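Going line by line, the protein sequences match chains A and B.
Quick note on our numbering: the first sequence kicks off at 2 and runs consecutively.
Quick note on our numbering: the second sequence kicks off at 2 and runs consecutively.
One should not assume that every hint holds.
[Unchecked claim] Capping the alpha-carbon separation at 25 angstroms, the derived lysine-lysine pairs in BS3-like fashion look like this:
#, chain 1, residue 1, chain 2, residue 2
1, B, K355, B, K138
2, B, K138, B, K30
3, A, K164, B, K138
4, A, K286, A, K138
5, A, K164, B, K164
6, A, K138, A, K355
7, B, K30, B, K66
8, A, K124, A, K138
9, B, K164, A, K200
10, B, K124, B, K138
11, B, K164, B, K183
12, A, K355, B, K286
13, B, K200, A, K200
14, A, K183, A, K164
15, A, K286, B, K355
16, B, K200, B, K164
17, A, K164, A, K200
18, A, K66, A, K30
What the hints contain is simulated information worked out from the structure, not anything from laboratory work.
Please read all numbers here as calculations on a predicted model, not as lab measurements.
There are 2 protein chains.
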Amino acid sequence: MTMSVDETIGALELMLRSGSDIDPEDAPKMQALLDEPPIQDVVALVERQNPVRAAVVLRLLSREKSIAVFDALDAAHQADIIDELGNSDVYEFFDALEPEDRVSLLDELPAEIADRLLRSLDKPDQDITGVVLGYPKGSVGRRMSPEVPDIYREMTVDEALEKLRREAPDLETIYTVPIVRKDRRLVGVMSLRELFIAKSGRMVEDLMHEPIYAYAQADAEETARWFLPLDLLALPIVDDSDRLIGLLTWDDAADIVEEEDSEDSARSGGTEALQQPYMSTPLLKLVRSRIVWLLVLAVSAILTVKVLDSFESVLEQAVVLSLFIPLLTGTGGNTGNQAATTVTRALALGDVRKSDVLQVMWREMRVGMLLGATLGILGFIIASLVYDMHIGLVIGTTLLGICTLSATVGGVMPILAKVVGADPAVFSNPFISTFCDAAGLIIYFFIARAVLGL
Amino acid sequence: MTMSVDETIGALELMLRSGSDIDPEDAPKMQALLDEPPIQDVVALVERQNPVRAAVVLRLLSREKSIAVFDALDAAHQADIIDELGNSDVYEFFDALEPEDRVSLLDELPAEIADRLLRSLDKPDQDITGVVLGYPKGSVGRRMSPEVPDIYREMTVDEALEKLRREAPDLETIYTVPIVRKDRRLVGVMSLRELFIAKSGRMVEDLMHEPIYAYAQADAEETARWFLPLDLLALPIVDDSDRLIGLLTWDDAADIVEEEDSEDSARSGGTEALQQPYMSTPLLKLVRSRIVWLLVLAVSAILTVKVLDSFESVLEQAVVLSLFIPLLTGTGGNTGNQAATTVTRALALGDVRKSDVLQVMWREMRVGMLLGATLGILGFIIASLVYDMHIGLVIGTTLLGICTLSATVGGVMPILAKVVGADPAVFSNPFISTFCDAAGLIIYFFIARAVLGL
Chain A
2 MTMSVDETIG
12 ALELMLRSGS
22 DIDPEDAPKM
32 QALLDEPPIQ
42 DVVALVERQN
52 PVRAAVVLRL
62 LSREKSIAVF
72 DALDAAHQAD
82 IIDELGNSDV
92 YEFFDALEPE
102 DRVSLLDELP
112 AEIADRLLRS
122 LDKPDQDITG
132 VVLGYPKGSV
142 GRRMSPEVPD
152 IYREMTVDEA
162 LEKLRREAPD
172 LETIYTVPIV
182 RKDRRLVGVM
192 SLRELFIAKS
202 GRMVEDLMHE
212 PIYAYAQADA
222 EETARWFLPL
232 DLLALPIVDD
242 SDRLIGLLTW
252 DDAADIVEEE
262 DSEDSARSGG
272 TEALQQPYMS
282 TPLLKLVRSR
292 IVWLLVLAVS
302 AILTVKVLDS
312 FESVLEQAVV
322 LSLFIPLLTG
332 TGGNTGNQAA
342 TTVTRALALG
352 DVRKSDVLQV
362 MWREMRVGML
372 LGATLGILGF
382 IIASLVYDMH
392 IGLVIGTTLL
402 GICTLSATVG
412 GVMPILAKVV
422 GADPAVFSNP
432 FISTFCDAAG
442 LIIYFFIARA
452 VLGL
Chain B
2 MTMSVDETIG
12 ALELMLRSGS
22 DIDPEDAPKM
32 QALLDEPPIQ
42 DVVALVERQN
52 PVRAAVVLRL
62 LSREKSIAVF
72 DALDAAHQAD
82 IIDELGNSDV
92 YEFFDALEPE
102 DRVSLLDELP
112 AEIADRLLRS
122 LDKPDQDITG
132 VVLGYPKGSV
142 GRRMSPEVPD
152 IYREMTVDEA
162 LEKLRREAPD
172 LETIYTVPIV
182 RKDRRLVGVM
192 SLRELFIAKS
202 GRMVEDLMHE
212 PIYAYAQADA
222 EETARWFLPL
232 DLLALPIVDD
242 SDRLIGLLTW
252 DDAADIVEEE
262 DSEDSARSGG
272 TEALQQPYMS
282 TPLLKLVRSR
292 IVWLLVLAVS
302 AILTVKVLDS
312 FESVLEQAVV
322 LSLFIPLLTG
332 TGGNTGNQAA
342 TTVTRALALG
352 DVRKSDVLQV
362 MWREMRVGML
372 LGATLGILGF
382 IIASLVYDMH
392 IGLVIGTTLL
402 GICTLSATVG
412 GVMPILAKVV
422 GADPAVFSNP
432 FISTFCDAAG
442 LIIYFFIARA
452 VLGL
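Turn these sequences into a full structure, and let the hints guide you.
In structure tokens:
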């Protein structure tokens with residue numbers, strides 16, 4: 002019997018879906034099937050299962066594979082699964098994680114279980130995990146790998162290589178080699194590649210470069226975003242006295258960036274990030290990630306009812322005006338969203354800073370005017386033909402006004418959020434839409450009153 | 002005079018902003034200032050400048066630094082700057098790029114200039130760049146590094162290390178070592194770390210692992226997303242006959258992921274991605290990235306005018322109904338956006354697949370009903386108190402209906418887009434809003450007609 006990877010995974014999904022309890026007779030069959038596909042497909046399979054089924058798969062895998070699969074899961078998903086596993090499995094999985102991954106998992110667990118897990122480690126592992134736990138959430142220190150090589154500037158290339166070779170089993174990476182003085186102050190950096198191709202007998206001191214490094218207290222996202230433009234594989238992390246205490250490796254940096262991008266993406270849609278794969282997220286977690294935002298937005302939208310209420314007499318005299326309400330508020334919302342999305346992403350990537358607020362405002366005002374003029378002329382022509390010139394004039398000028406205002410507001414809001422220390426993405430698209438709705442309606446009725454003489 | 006990095010960069014920004022022509026007397030001063038900050042700050046400075054000013058900075062930097070800075074820029078920004086640089090600079094920068102980065106830049110340039118640049122390379126570089134150019138845009142082959150080591154399974158660890166040492170200067174990475182047979186078919190992979198700590202005299206064949214690899218024709222984004230869960234540093238790329246032809250390195254994979262995330266983020270806001278930093282993007286490029294979407298959305302929004310037009314008699318009899326239009330359409334849009342954002346991100350990360358469409362629909366329907374019930378009860382109470390029970394009933398049931406519909410539609414649309422081969426993010430938030438607006442209005446007026454007996 003030869004099955005393709007997709008067929009094997011499909012068969013496994015079917016067996017898992019058939020019930021929460023696996024038929025004991027099925028277990029050996031599943032075990033055999035699970036041995037076939039490459040590890041990345043098993044990870045993808047587990048990512049799609051709820052905690053109960055994920056635990057079943059982990060128990061059926063070989064020891065080595067199950068540890069690798071558990072390691073590849075998101076911390077929130079790991080935490081969900083832990084309840085379904087026996088203690089001995091849990092301790093073993095936890096022990097096999099890198100110190101910084103242990104800390105991410107601990108952050109997702111109730112204090113009591115976290116304590117128990119931490120105590121299950123042997124002393125050296127407890128200590129090294131404690132170093133990472135000592136730094137605040139959101140800092141680089143909390144995500145760094147605390148295991149670093151001991152390479153001193155006084156060594157020769159050969160001594161350094163020999164030391165790396167001995168220490169390698171305990172290190173997360175040996176490809177970026179930080180160089181320290183005897184007092185552990187960071188003085189340089191070399192790549193393993195450079196050490197590897199250097200002439201035997203040369204001094205590390207003479208070959209090392211100026212290090213690019215970060216302080217443990219620094220913002221994790223900002224630091225992680227350096228990796229891409231600078232082609233970094235790992236970044237030395239130092240304490241306040243410039244002493245080497247860890248390395249931020251590229252995979253942890255990429256994790257940080259992905260988490261932040263997921264969060265920004267979620268918030269731009271007015272929801273909270275799930276922290277774990279969609280298919281394995283319980284339904285109530287989905288509801289919880291959305292309900293707060295939705296309520297806040299609905300309550301703010303009462304503003305639009307208020308605005309319309311105050312123009313009710315105008316509406317009664319010209320019901321035709323109500324026909325354009327969704328079109329106009331929609332266009333305002335869209336223009337605002339475009340600007341907010343662009344600027345929020347630029348802030349995340351570090352392309353725009355707080356001090357750019359006036360420049361961004363001026364740019365967005367002009368962009369909004371150009372967009373508004375284009376739409377306004379079109380709106381004027383269409384509304385004039387279908388209704389009359391007066392309505393055409395109202396729609397055209399309202400579009401110009403709404404687009405200019407919305408682009409400006411949409412562009413500036415994310416920066417203002419950052420200035421007051423909030424996440425730029427909290428002024429999410431839905432939030433900006435709601436604001437632009439209300440402001441747009443006011444513009445609309447003022448123009449309508451003036452042009453139609455109501 | 003000692004200045005902090007921020008002060009130095011600030012002074013440079015001021016000098017650059019003072020005019021497009023740099024005072025000849027200022028040049029040595031700027032040159033001195035540019036020598037101070039670390040390279041990542043110079044990159045950030047250049048990323049914020051328009052092409053003219055960016056070229057000024059590049060010319061003032063030392064040869065080595067200017068090459069590193071140019072290398073770190075986005076391809077679209079590089080292409081903008083090329084017009085402002087002298088030919089000899091351009092050729093030198095182009096020559097210093099990795100083959101796959103050259104191809105990304107060529108993609109951004111007019112054919113004529115691209116040709117000229119390609120011909121400026123020496124023959125071996127032309128050939129190696131040609132390998133990458135031979136694969137279609139969006140494929141892994143187009144982004145791989147075509148320079149691979151020649152390590153055969155019959156070698157000993159020592160022979161392999163010696164060969165790597167010799168070939169290193171020509172290779173982009175030596176940390177992931179693909180192992181081939183004599184006919185160049187990929188048979189295994191080892192990390193440099195494993196080779197490095199292996200016992201002298203052992204055979205590569207006995208130490209290598211099953212390779213994780215990708216075909217050159219495979220989708221670049223999908224492949225790049227494997228790196229994070231699998232902790233890959235580089236991935237061997239093979240042709241249709243399983244022969245090794247390149248390596249996708251982690252930095253190029255991270256580039257691909259960032260581009261795709263930027264594109265998804267932009268489209269979720271109803272705009273096109275900028276491909277280069279916001280502050281250096283010309284104003285008209287900003288307008289162009291938004292106008293098409295805005296027009297499409299405005300034209301679709303005419304649908305809402307049509308819907309309202311057909312209920313005009315209802316509106317005339319109960320103007321109060323028009324007050325709730327923005328609130329109801331807004332809430333529908335928000336619920337739809339939440340679902341669409343979540344599912345689009347899940348598709349991008351590979352957590353949801355096309356075949357999950359029914360499961361996602363069923364999940365989102367239930368989530369939408371729960372959200373709608375919560376909002377509906379609140380809406381019923383508030384509207385009953387402020388207006389009357391009949392209006393309360395209309396608002397409450399409409400909210401329930403709109404939320405259920407919007408979440409279902411918002412969740413399913415991105416998957417349907419993928420099924421027909423489009424980018425899931427084309428059903429962006431604004432697009433879903435517009436659809437939910439029109440559908441919500443129909444629900445609203447049918448319920449209103451029934452309850453109020455109009």
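Checklist entry - A/K138 and A/K355: Cα distance at most 25 angstroms? => result holds, 23 angstroms
Checklist entry - Does the structure keep A/K286 and A/K138 at a Cα separation of 25 angstroms or less? => result holds, 22 angstroms
Checklist entry - Are A/K183 and A/K164 close enough, with their CA atoms no more than 25 angstroms apart? => result holds, 15 angstroms
Item to check | Restraint status (C-alpha distance of B/K200 to B/K164 at most 25 angstroms) | outcome: holds, 17 angstroms
Checklist entry - Keeping to a limit of 25 angstroms between CA atoms, is the pair of A/K286 and B/K355 held or broken? => result With Cα atoms ~23 angstroms apart, A/K286 and B/K355 stay inside 25 angstroms; holds.
Checklist entry - Has the given pair, B/K138 with B/K30, been kept, meaning a C-alpha gap of at most 25 angstroms? => result Judged against 25 angstroms, a Cα distance of about 44 angstroms means the pair is violated.
Checklist entry - Quick one, are A/K66 and A/K30 close enough, alpha carbons at most 25 angstroms? => result Between A/K66 and A/K30 the Cα gap is close to 17 angstroms, so the pair holds against 25 angstroms.
Next on the checklist: For B/K124 and B/K138, compute the direct alpha-carbon distance and say whether it is at most 25 angstroms.
Outcome noted: holds, 23 angstroms
Checklist entry - Does A/K200 lie within 25 angstroms of B/K164 when you go C-alpha to C-alpha? => result Cα-Cα ~15 angstroms, so holds.
Next on the checklist: Hint check: B/K164 vs B/K183, CA-CA at most 25 angstroms. Holds or violated?
Outcome noted: Given pair B/K164, B/K183 holds - Cα atoms ~15 angstroms apart, limit 25 angstroms.
Next on the checklist: Next pair to validate is A/K164 with B/K164; report whether the Cα-Cα distance is within 25 angstroms.
Outcome noted: holds, 22 angstroms
Checklist entry - Straight-line Cα separation of B/K30 and B/K66 no greater than 25 angstroms? => result holds, 17 angstroms
Violated hints, listed in ascending order, are 2, 3; each of the other numbered hints is respected by the structure.
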